[in-house]
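Just so you know, full-length UniProt numbering puts 170 at position 170 of the sequence shown, and the rest follows in order with no gaps.
Worth double-checking, as some hints may not be accurate.
As the list claims (entries may be wrong) - For each label pair, taking beta carbons as the anchor points, the in silico distance ranges come out as:
1. VAL136 with LYS176: 20 to 30 Å
2. ALA79 with GLN43: 45 to 55 Å
3. LEU123 with LYS89: 27 to 37 Å
4. PHE53 with LYS89: 50 to 60 Å
5. ALA105 with VAL142: 20 to 30 Å
6. GLU130 with LYS171: 44 to 54 Å
7. GLN109 with VAL142: 46 to 56 Å
8. LYS138 with LYS176: 41 to 51 Å
9. ARG104 with LEU134: 35 to 45 Å
Said to hold, decoys possible - DSS-like, lysine-lysine: derived pairs with alpha carbons at most 25 Å apart:
10. LYS220 with LYS171
11. LYS63 with LYS78
12. LYS238 with LYS206
13. LYS220 with LYS173
14. LYS220 with LYS170
15. LYS66 with LYS50
16. LYS171 with LYS219
17. LYS147 with LYS173
18. LYS112 with LYS89
19. LYS147 with LYS166
20. LYS78 with LYS50
21. LYS50 with LYS64
22. LYS64 with LYS78
23. LYS219 with LYS170
24. LYS219 with LYS206
25. LYS64 with LYS171
26. LYS166 with LYS138
27. LYS206 with LYS171
28. LYS176 with LYS147
29. LYS173 with LYS112
30. LYS166 with LYS176
31. LYS170 with LYS238
32. LYS138 with LYS173
The hints are simulated quantities; they were obtained by calculation from the structure and are not laboratory data. We treat Cβ as the ideally placed atom computed from N, Cα and C, and that holds for glycine.
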Amino acid sequence: FGSSFTFVSFGSVAVSVEMVTCGQSCRPCDVSAVASDTVRIRQSMVTREKDNFARELREAREKKAKEEEERADEQRRKAQAAMEEAARKHEQERQRLEEEARVRAEEEQREKQRRAEEERRLLEERMAEEERLLEVAKQQRVAAERKRVQGERRLDEFLFQHNFLKVNEKKSKWLKYTYPLHVAVDENDGEVVRLLLAAGANRSVKDSSGQTPLQLAQKKARRLGISRVFDDVLLALKY
1 FGSSFTFVSF GSVAVSVEMV TCGQSCRPCD VSAVASDTVR IRQSMVTREK
51 DNFARELREA REKKAKEEEE RADEQRRKAQ AAMEEAARKH EQERQRLEEE
101 ARVRAEEEQR EKQRRAEEER RLLEERMAEE ERLLEVAKQQ RVAAERKRVQ
151 GERRLDEFLF QHNFLKVNEK KSKWLKYTYP LHVAVDENDG EVVRLLLAAG
201 ANRSVKDSSG QTPLQLAQKK ARRLGISRVF DDVLLALKY
């Protein structure tokens, strides 16, 4: 026996068919039966290969789809995480700004209260100072009025005691005459000198000796030789 191969085309599939012959010059073997078995074997192999290829293609597509889905899920997770991070930062910034605004409002309120308290304190101090000054002025007016009344009383007593009716009245006795200022100087009474001057007494008037009140005071101070005896009178007459 001998064998040879030939290819038989079945549609798009070429199948190798082994032609079996014997080595003797006898009647050929049943070639069609052998070819039929070979075709069936080849078709089974082709079918398996096609099935394997289809399965591998399907698995590859499924793997690719799964990978794409996983990538999409990962992108969605990253996008979600980014959104959550952005929201978190936004919330942190909002809280920070809110806290700053709260602190600033509290500081402004404290400053407002401090200014109000300072203004109230200054107002109270100013009112107290005004009241004090009013009281001082009142006391000064009372003291000045008391002093004025006392001065008038003292001046009236002086004039009455020396028989004067007015502060510039000329009083004559025998060939001599004098004035209230000269009498006050003669008595070394600086207070009465001031009262007379304040009441309008003329400091330039001269007595019968031709002396002004100041000249009389200077003469008496020199004659007595006592330092500072007529200082008050001299001071009152000079100023």
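Hint by hint, here is what the structure shows:
no., hint, verdict
1, VAL136 with LYS176: 20 to 30 Å, "49 Å, violated"
2, ALA79 with GLN43: 45 to 55 Å, "52 Å, holds"
3, LEU123 with LYS89: 27 to 37 Å, "50 Å, violated"
4, PHE53 with LYS89: 50 to 60 Å, "53 Å, holds"
5, ALA105 with VAL142: 20 to 30 Å, "54 Å, violated"
6, GLU130 with LYS171: 44 to 54 Å, "51 Å, holds"
7, GLN109 with VAL142: 46 to 56 Å, "48 Å, holds"
8, LYS138 with LYS176: 41 to 51 Å, "48 Å, holds"
9, ARG104 with LEU134: 35 to 45 Å, "44 Å, holds"
10, LYS220 with LYS171, "21 Å, holds"
11, LYS63 with LYS78, "22 Å, holds"
12, LYS238 with LYS206, "16 Å, holds"
13, LYS220 with LYS173, "21 Å, holds"
14, LYS220 with LYS170, "21 Å, holds"
15, LYS66 with LYS50, "24 Å, holds"
16, LYS171 with LYS219, "21 Å, holds"
17, LYS147 with LYS173, "33 Å, violated"
18, LYS112 with LYS89, "34 Å, violated"
19, LYS147 with LYS166, "20 Å, holds"
20, LYS78 with LYS50, "41 Å, violated"
21, LYS50 with LYS64, "21 Å, holds"
22, LYS64 with LYS78, "21 Å, holds"
23, LYS219 with LYS170, "21 Å, holds"
24, LYS219 with LYS206, "14 Å, holds"
25, LYS64 with LYS171, "146 Å, violated"
26, LYS166 with LYS138, "31 Å, violated"
27, LYS206 with LYS171, "12 Å, holds"
28, LYS176 with LYS147, "34 Å, violated"
29, LYS173 with LYS112, "83 Å, violated"
30, LYS166 with LYS176, "19 Å, holds"
31, LYS170 with LYS238, "22 Å, holds"
32, LYS138 with LYS173, "46 Å, violated"
Hints 1, 3, 5, 17, 18, 20, 25, 26, 28, 29 and 32, counting from the list given before, are not met by this structure.
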